[in-house]
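Okay, here's what each chain looks like letter by letter:
Number of protein chains: 2
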Amino acid sequence: MVDEATSWEVLEELVLAGDAGAVEAFFRALPAAERVIAASRLSEEARVGLVESLSAADAADALALLPEVQAADVLDDVRVETAVAVLQEFPSDAQADLLGELEDARAERILAGMQPQEASGLRALREYEKDEAGGLMTTDHLALSVWSTVGEIVDRLQERADEIEDLDVQYVYLVDDDRLTGVLRLRDLLLARPSKAATEVMIAEPSSVRDDASVDALADFFEEHAYLGVPVVDGDRRLLGVVYRGALEGALRERADRDLRRSQGLLAEELRSMPLLGRSRRRLSWLSLNVVLNVVAASVIAAFEETLSQVIALAVFLPIISDMSGCSGNQAVAVSMRELSLGLVRPTEALRVWRQEIGVGLANGLALGSLVALGGWLWQGNPWFGLVVGGALAINTVLAVSMGGCVPLVLKRFEVDPAIASGPILTTATDMCGFLLVLGLATLALPYLG
Amino acid sequence: MVDEATSWEVLEELVLAGDAGAVEAFFRALPAAERVIAASRLSEEARVGLVESLSAADAADALALLPEVQAADVLDDVRVETAVAVLQEFPSDAQADLLGELEDARAERILAGMQPQEASGLRALREYEKDEAGGLMTTDHLALSVWSTVGEIVDRLQERADEIEDLDVQYVYLVDDDRLTGVLRLRDLLLARPSKAATEVMIAEPSSVRDDASVDALADFFEEHAYLGVPVVDGDRRLLGVVYRGALEGALRERADRDLRRSQGLLAEELRSMPLLGRSRRRLSWLSLNVVLNVVAASVIAAFEETLSQVIALAVFLPIISDMSGCSGNQAVAVSMRELSLGLVRPTEALRVWRQEIGVGLANGLALGSLVALGGWLWQGNPWFGLVVGGALAINTVLAVSMGGCVPLVLKRFEVDPAIASGPILTTATDMCGFLLVLGLATLALPYLG
Numbered sequence: 001m002v003d004e005a006t007s008w009e010v011l012e013e014l015v016l017a018g019d020a021g022a023v024e025a026f027f028r029a030l031p032a033a034e035r036v037i038a039a040s041r042l043s044e045e046a047r048v049g050l051v052e053s054l055s056a057a058d059a060a061d062a063l064a065l066l067p068e069v070q071a072a073d074v075l076d077d078v079r080v081e082t083a084v085a086v087l088q089e090f091p092s093d094a095q096a097d098l099l100g101e102l103e104d105a106r107a108e109r110i111l112a113g114m115q116p117q118e119a120s121g122l123r124a125l126r127e128y129e130k131d132e133a134g135g136l137m138t139t140d141h142l143a144l145s146v147w148s149t150v151g152e153i154v155d156r157l158q159e160r161a162d163e164i165e166d167l168d169v170q171y172v173y174l175v176d177d178d179r180l181t182g183v184l185r186l187r188d189l190l191l192a193r194p195s196k197a198a199t200e201v202m203i204a205e206p207s208s209v210r211d212d213a214s215v216d217a218l219a220d221f222f223e224e225h226a227y228l229g230v231p232v233v234d235g236d237r238r239l240l241g242v243v244y245r246g247a248l249e250g251a252l253r254e255r256a257d258r259d260l261r262r263s264q265g266l267l268a269e270e271l272r273s274m275p276l277l278g279r280s281r282r283r284l285s286w287l288s289l290n291v292v293l294n295v296v297a298a299s300v301i302a303a304f305e306e307t308l309s310q311v312i313a314l315a316v317f318l319p320i321i322s323d324m325s326g327c328s329g330n331q332a333v334a335v336s337m338r339e340l341s342l343g344l345v346r347p348t349e350a351l352r353v354w355r356q357e358i359g360v361g362l363a364n365g366l367a368l369g370s371l372v373a374l375g376g377w378l379w380q381g382n383p384w385f386g387l388v389v390g391g392a393l394a395i396n397t398v399l400a401v402s403m404g405g406c407v408p409l410v411l412k413r414f415e416v417d418p419a420i421a422s423g424p425i426l427t428t429a430t431d432m433c434g435f436l437l438v439l440g441l442a443t444l445a446l447p448y449l450g
Numbered sequence: 001m002v003d004e005a006t007s008w009e010v011l012e013e014l015v016l017a018g019d020a021g022a023v024e025a026f027f028r029a030l031p032a033a034e035r036v037i038a039a040s041r042l043s044e045e046a047r048v049g050l051v052e053s054l055s056a057a058d059a060a061d062a063l064a065l066l067p068e069v070q071a072a073d074v075l076d077d078v079r080v081e082t083a084v085a086v087l088q089e090f091p092s093d094a095q096a097d098l099l100g101e102l103e104d105a106r107a108e109r110i111l112a113g114m115q116p117q118e119a120s121g122l123r124a125l126r127e128y129e130k131d132e133a134g135g136l137m138t139t140d141h142l143a144l145s146v147w148s149t150v151g152e153i154v155d156r157l158q159e160r161a162d163e164i165e166d167l168d169v170q171y172v173y174l175v176d177d178d179r180l181t182g183v184l185r186l187r188d189l190l191l192a193r194p195s196k197a198a199t200e201v202m203i204a205e206p207s208s209v210r211d212d213a214s215v216d217a218l219a220d221f222f223e224e225h226a227y228l229g230v231p232v233v234d235g236d237r238r239l240l241g242v243v244y245r246g247a248l249e250g251a252l253r254e255r256a257d258r259d260l261r262r263s264q265g266l267l268a269e270e271l272r273s274m275p276l277l278g279r280s281r282r283r284l285s286w287l288s289l290n291v292v293l294n295v296v297a298a299s300v301i302a303a304f305e306e307t308l309s310q311v312i313a314l315a316v317f318l319p320i321i322s323d324m325s326g327c328s329g330n331q332a333v334a335v336s337m338r339e340l341s342l343g344l345v346r347p348t349e350a351l352r353v354w355r356q357e358i359g360v361g362l363a364n365g366l367a368l369g370s371l372v373a374l375g376g377w378l379w380q381g382n383p384w385f386g387l388v389v390g391g392a393l394a395i396n397t398v399l400a401v402s403m404g405g406c407v408p409l410v411l412k413r414f415e416v417d418p419a420i421a422s423g424p425i426l427t428t429a430t431d432m433c434g435f436l437l438v439l440g441l442a443t444l445a446l447p448y449l450g
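These protein sequence lines are chains A and B, in that order.
Our numbering puts the last residue of the first sequence at 450; the count rises by one with no breaks.
Our numbering puts the last residue of the second sequence at 450; the count rises by one with no breaks.
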C-alpha cells in the first residue's frame, strides 16, 4: 500500500523524472480518492507532465478529477496535439465547457487540430451559455432517418457498434430532413418485430426543448417527464443535440454549490492551491463591502454615546441583540430560499410570507426577549434594564423574521440573486434597528436606569 | 388561462364539492408550476379529497410534487385501498421511504393490502436507512438466469414487455442461484447475435455494492464508473436490487440542501404550511443555544466595563469587529467544506490548511485593520485609538481564518457534522477573542486614549 500522506509527492518525482511508464503504472494503482488529491496537489509543471505521460483516456480521467479552472489551466500548457487528443475523450458538452475556459486564440489552435466538422460543432457549442440547454447538451447522439424499419435501424446500429460502445446511448432520434419527428427507446427496438416501420413503434411528436431553454425550464421538464434525456431543437425543430438528466443535475448541483459559496461572500470559485494574493483579493471585495455596511450600522451607536456612557452595561447587550436578530432573520431567509427553489411560493407573494412569518416572530421574540429581560434584570438588579434589553430583542426579532422572509422574494422579483444579496441587506438592517431599539428605549427610560 | 392567484382555491372548492370528474379535469389542465403550489396549499382535508378523486396514477403525480412529510400525511388520512393503489404507482425505493414516514401500525395496514411478496419486499426495504445503498435501491430490476442465450433473454423480455414498459430498465442482471454473476446492457442485447451465450456477451464479475454502503461510498463508485446503475448485493453476493445514478444524485442533493438548512439552524425540515408553534419550536432550539453562546462571548465586555466607560467610543467598534471576524472566518469555513466535499483535503490535514489560511489571514487582516485604524484615528482624532481598533481587527482576522479553515476538518475527524457545528463554535470563539483584543489593548493603551 502506498503511503497516503506522500503519494502525490512520489507522483511528482516520477513525473519530473520523465519516466512515462512508471507514471502511468503508479497513477493507475492509486485508489480514486488518492488520485483526486494527487492530481490537485501536483505543481503546475508536474500536472502538465502527468497529462503528457498518460494515455489520452487516462489523462482525461485525471483532468476530470480536477475543478474545471484547473483542468483548463493544464490544457493551456500541454502540447496542442496532447490537448486535442485528451479533449476528444470528453463528451461534447464538457469539451465545449473546457474550451470556454481557455483564451480564444488557444481554443482556436486546439480546434484547428480537430476534424473540421467536429471543430465547427464545438465552435457552435461554445456560443451557448453554460447554463442553457445548448450549453448542457451533448451532440454525440444517434439521428437516423424516420423512413426506416426497426430491422434497418438495428442493422445501422450494429454497423456503428464500435462508436456506440463509447456513447451513453438510451434513445435513437428519428429525423426527416434534419427535423426531429420521433424518438425510439432501445427497449422499443428490442421488443418490436424487425419488419415494423419505425413510425409505428416510435414516440411521435416527441417532447423537445429549445436551445435557449434555461436550467429552470429544463428542471421543470425533467420533473414533469420521467425521461433520461430530452432532444434540443432550434426554432425550425432541427435536432441539435440531447440534454441528459445527469447534465441537468450537475448544473443544478453546481448552482446550489455556488449559492452556498456566495452566501459566505466567495463570489468566485476559490481553491487553496490558487496563488495567495488572488485568494486574498477574492475574499476582500466582499469583506470591504461588509466593513462599510458595518460602519453604517454602528454609526447608530455613536449617535447614542451620551446614553451609553450613562448606562455602560448596555454595551454588553449590543452584540448579543445584533447576533441574535441576524440568526432569526437568516432562518427566515433559509426557509424562503427553500420554498422558492421548490416552487412552493411565488416571488410576488411577499405579503403572504410576511403573514406567515409574523406569528413565528412574535412567538420567538416573546420567548427570547423574556429570557434576555430576565437575565438583564437579575444581572443589573433593575427590572427597567431588563425591560429595555428584552423589549428591544423581542421587537427586533419580529422585524428580523419579517424582513428575512420577504427579502429573498423581493430580490428575486427584481432579478437580483437572493443567495448573494439577502445576507448583507438583512444583517445591516437588523443591526441598525437593533441598536436603535436598545439605545432609543434606554434613552426614554434613562431616569429609571440610573 | 386560469387565474394564477386563486387556482388552488378553485381546486379546493371543487374537491370539497365532491365532483371527482371536475377535480381531475381541472388538475390535469393546470401547468406543472401551478400544480405544485395548488397541491401544497390545499387544506389537509382537501388534499386528502384530491387524492381520493384522482386516478391512482394522477394521485401519485400529485403526491410526488409535495415534500415527503406532507405526502406521507396524506397517505395517513386516505382510505387504505387508496393508499395501496397510489403507493403502487411509485418505484419501490420511494414506496419504502413513504412507508417509513408513517407510523408502524398504519404502514402495516397498507402493506396488508398488497401482494404478500411485494409487502415482504417492502418490509425488508423499510429496515434500511434512507441514505445507505439498501434504502436507495429499487427492487424493480430484471434478473434472469445466466445460463441463457441472447435470443432466449430477448424472448423473455418480449414476454414481459408490458411490465418492462413501466420500469426504468437499462440493464439485465444475470444470476446463478440468486447470486449476481453478470450484467447485460440493453445495447449488448441489441448488437449481439441471438445464438450467442449470455456468458459471452455479458460483463462478467460485475461491480456491485453491499447493501450497507454509504452515500459517500456510492458517490465514489459513480465517480469512478460511468454506469447508470449499480447492483446491490448482500454478504453472499445475492442480488437484492439496483441503485440508479439518479437516486444517488437525489440523495446528495438532499444532503446539500440539509447542510445549507442546518448551517442556518433549521435542524428539522420546515414548511410554512406547518402549524405555527411547531415552526417556532424548530427554530427556537437553535436560537436558545445561540443566546447562551452570545452571553458567554459578551461576558468578556462586562469584564472590561471600567475601560469601556472611560473610552465609550470603543463600544461602536465592538459589533464591527465581531461581525467582520465572523465574516472572514465563515469564508474560510466555506472553502474548507467545499474542499472536503470535493475530496481535495483529508480531515487529518488541519495543519496543512492552517498554513494555507494564515497567509490570506495576514493579507486580509492587514488590509481591513488598516482601513478600520484609519477610520478610528480620523473619527477620534487620536492615532492610538486607531491603532487599538485596527490592531485588534487585524489580529482577530488571522485568528478567525485560522479557526474557520481548521474547525470543519477537526469536527469531521471527530465525526461531528461540520455543517451544523462550525458556525456557532467559530462565532463564539471569534467574538470572545475580538472583544478581548479590543478591550485588552485599550486597557494597555488607556493612558494614551483619554
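A portion of the hints provided could be inaccurate.
Looking from chain A toward chain B, a few residues come up when the C-beta cut is under 7 Å (computed) [what the hints assert, rightly or not]:
hint, residue
1, R28
2, A33
3, L102
4, A256
5, M274
6, R283
7, S285
8, L340
9, G343
10, L344
11, V410
12, R413
13, P424
For the record, the hints were derived by calculation from the structure and aren't laboratory data.
Ideal Cβ positions, reconstructed from N, Cα and C, are used throughout, including at glycine.
Numbers of the earlier hints that this structure fails to satisfy, in rising order: Checked against the structure, the hints that fail are numbers 1, 3, 5, 7, 8, 11, 12, 13, while the rest are satisfied.
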